[in-house]
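Trainee: Here the protein sequences line up with chains A and B, keeping their order.
Residues in the first sequence are numbered from 50 upward in steps of one, following the working numbering.
Residues in the second sequence are numbered from 38 upward in steps of one, following the working numbering.
The hints are simulated quantities; they were obtained by calculation from the structure and are not laboratory data.
Ideal placement from N, C-alpha and C gives every residue a C-beta, glycine not left out.
A portion of the hints provided could be inaccurate.
[Stated by the list, open to error] Here are a few chain A residues that sit away from chain B, every Cβ distance over 10 Å (derived from the structure): (1) Lys71; (2) Asp91; (3) Gly102; (4) Lys113; (5) Lys154; (6) Glu203; (7) Asn274.
[Unchecked claim] Here are the simulated EDC-like cross-link-like pairs (lysine to aspartate or glutamate), alpha carbons at most 16 Å apart as the crow flies: (8) Lys166(A) / Glu224(A); (9) Lys56(B) / Glu157(A); (10) Lys240(A) / Glu222(A); (11) Lys213(A) / Asp199(A); (12) Lys39(B) / Asp68(B); (13) Lys47(B) / Glu109(B); (14) Lys77(B) / Asp103(A); (15) Lys240(A) / Asp199(A); (16) Lys232(A) / Glu203(A); (17) Lys113(A) / Glu80(B); (18) Lys78(A) / Asp63(A); (19) Lys232(A) / Glu222(A); (20) Lys213(A) / Glu184(A); (21) Lys154(A) / Asp52(B); (22) Lys198(A) / Asp97(B); (23) Lys154(A) / Asp97(B); (24) Lys71(A) / Asp256(A).
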Amino acid sequence: MKSSVITFPGSNCDRDMDVALKKFGFKNKMVWHNDSEIPKSDLVVLPGGFSYGDYLRCGSMASKSKIMKSVINFANSGGMLMGICNGFQILVETGLVPGVLLRNKYLEFICKNVFVKINNKKNTYFKNINNKVFELHIAHNEGNYFCTKDQLKEIENNEQIAIKYCDKNGKIEEEFNPNGSIKNIAGIFNKEKNVLGMMPHPERMIDSSLSGEDGSLFFNNLINNLK
Amino acid sequence: MKISVIITLKKDVLDPQGKVIQQTLDGMGFDNINEVRQGKYFEINMNEKDKKIAEKKIEDMCKKLLANLVIENYRIIDVQ
Numbered sequence: 050m051k052s053s054v055i056t057f058p059g060s061n062c063d064r065d066m067d068v069a070l071k072k073f074g075f076k077n078k079m080v081w082h083n084d085s086e087i088p089k090s091d092l093v094v095l096p097g098g099f100s101y102g103d104y105l106r107c108g109s110m111a112s113k114s115k116i117m118k119s120v121i122n123f124a125n126s127g128g129m130l131m132g133i134c135n136g137f138q139i140l141v142e143t144g145l146v147p148g149v150l151l152r153n154k155y156l157e158f159i160c161k162n163v164f165v166k167i168n169n170k171k172n173t174y175f176k177n178i179n180n181k182v183f184e185l186h187i188a189h190n191e192g193n194y195f196c197t198k199d200q201l202k203e204i205e206n207n208e209q210i211a212i213k214y215c216d217k218n219g220k221i222e223e224e225f226n227p228n229g230s231i232k233n234i235a236g237i238f239n240k241e242k243n244v245l246g247m248m249p250h251p252e253r254m255i256d257s258s259l260s261g262e263d264g265s266l267f268f269n270n271l272i273n274n275l276k
Numbered sequence: 038m039k040i041s042v043i044i045t046l047k048k049d050v051l052d053p054q055g056k057v058i059q060q061t062l063d064g065m066g067f068d069n070i071n072e073v074r075q076g077k078y079f080e081i082n083m084n085e086k087d088k089k090i091a092e093k094k095i096e097d098m099c100k101k102l103l104a105n106l107v108i109e110n111y112r113i114i115d116v117q
């Protein structure tokens, strides 16, 4: 399986993602934002970080960079595209997934472990996965997912909500919502479910001696689903 | 030609920064404030003599980059 990670000026989780993808068997290539074509890939990842210094709105500049034309074409023709954290912010700015990510409700940069519950397993990202609840890491200032009432209705009807913030038992309540996101949303799909944007970082949970193994479950499952 | 644009958050979008500014102003003794909403202001200097064409280009810029229309509105407030 081949993967590509796009590096924008200010990306800082690109190499962590490279380590994670390689650990679980992907042949990964790093792709510079100013390139015009992505190499042949089974998975493309927009990594976390602070692309273009978060100028104007997080992800807005990166969403217009040269490589993104090729990335958008790839996604529109059914390619698997995943955006983590700042990558999720870039995805909403491209319009590939609906909604926006606002400043966290309590104006704090949040850096901690959270629990998320998988909301939809009928897709290549989460099918066959045994766990319902994952412990993953978040680190963001703008992760407060917002969309219009009409958009919310549409994403609920199309089962586009991928994961929600919860407690360790999978209970979804406002008190387990770290940033004020509508309906505790931590990640969403596009209509076709080949594009996934999420705030938590699975690449930070791939080593039990450093953090945890729930990210390993995610990547192992993903590569098996892609085979 | 110099064009000024302001971008504001739509009515239903939560503005936590505006809220904190309001609370701070309130704490400083500026009472009777109902609400503070924070926005963005741009001055764009362009080589275009036709006012209509310039405005159209600015609108295009607002729609494609300067504003996110899910949460923000834009308004051209001055053309010089």
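Trainee: With reference to the structure, classify each hint as holding or not holding.
Mentor: Hint check results:
The beta carbon of Lys71(A) is kept farther than 10 Å from every beta carbon of chain B, the shortest such distance being approximately 35 Å. Residue-level check passed: Asp91(A) sits 31 Å from the nearest beta carbon of chain B, beyond 10 Å. Taking the minimum C-beta to C-beta distance to chain B, about 16 Å, the non-interface status of Gly102(A) holds against the 10 Å cut. Listed as a non-interface residue, Lys113(A) fails to keep its Cβ farther than 10 Å from every Cβ of chain B; the least gap is roughly 7 Å.
Not every Cβ of chain B is farther than 10 Å from the Cβ of Lys154(A); the closest lies at roughly 6 Å, contradicting the non-interface assignment. Look at Glu203(A): its CB is around 13 Å from the nearest CB on chain B, clear of 10 Å, so calling it non-interface holds up. With a cut of 10 Å on Cβ distances, Asn274(A) stays outside the contact zone with chain B, its closest approach being about 31 Å. Taking the CA atoms of Lys166(A) and Glu224(A), the gap is about 15 Å. The hint holds against a cut of 16 Å.
Proposed proximity of Lys56(B) and Glu157(A) is supported: the alpha carbons are some 14 Å apart, at most 16 Å. Distance restraint check for Lys240(A) and Glu222(A): the Cα-Cα separation of roughly 26 Å exceeds the 16 Å cut-off, and the hinted pair is therefore not satisfied. Of the pairs offered as hints, the one joining Lys213(A) and Asp199(A) is violated, with about 19 Å between alpha carbons and a cut-off of 16 Å exceeded. Restraint check for Lys39(B) and Asp68(B): the C-alpha separation of about 36 Å exceeds 16 Å, so the hint is violated.
Of the supplied pair hints, the one linking Lys47(B) and Glu109(B) holds, its CA atoms being roughly 5 Å apart against a limit of 16 Å. For the hint pairing Lys77(B) with Asp103(A), the CA-to-CA distance comes to about 15 Å; that is within 16 Å, so the pair holds. A hinted pair counts as satisfied when its Cα atoms are at most 16 Å apart, and Lys240(A) with Asp199(A) qualifies at roughly 15 Å. Between the alpha carbons of Lys232(A) and Glu203(A) the distance comes to roughly 14 Å, so the proposed pair stays at or under 16 Å and holds.
The suggested pairing of Lys113(A) with Glu80(B) is violated, with an alpha-carbon distance near 21 Å, which exceeds 16 Å. Taken as a hint, the Lys78(A) and Asp63(A) pair is honoured in the structure, with Cα atoms around 11 Å apart against an allowance of 16 Å. For a cut-off of 16 Å, the pair hint linking Lys232(A) to Glu222(A) stands: about 9 Å separates their Cα positions. Pair hint Lys213(A) plus Glu184(A) holds up; C-alpha atoms about 12 Å apart against a cutoff of 16 Å.
With a CA separation close to 9 Å, the supplied pair Lys154(A) and Asp52(B) stays within the 16 Å bound. Among the hinted pairs, Lys198(A) with Asp97(B) is inconsistent with the structure: their alpha-carbon atoms are about 26 Å apart, more than 16 Å. Between the alpha carbons of Lys154(A) and Asp97(B) the distance comes to roughly 31 Å, so the proposed pair goes past 16 Å and is violated. A threshold of 16 Å between alpha carbons decides the hint, and for Lys71(A) with Asp256(A) the separation of about 13 Å falls inside it, so the pair holds.
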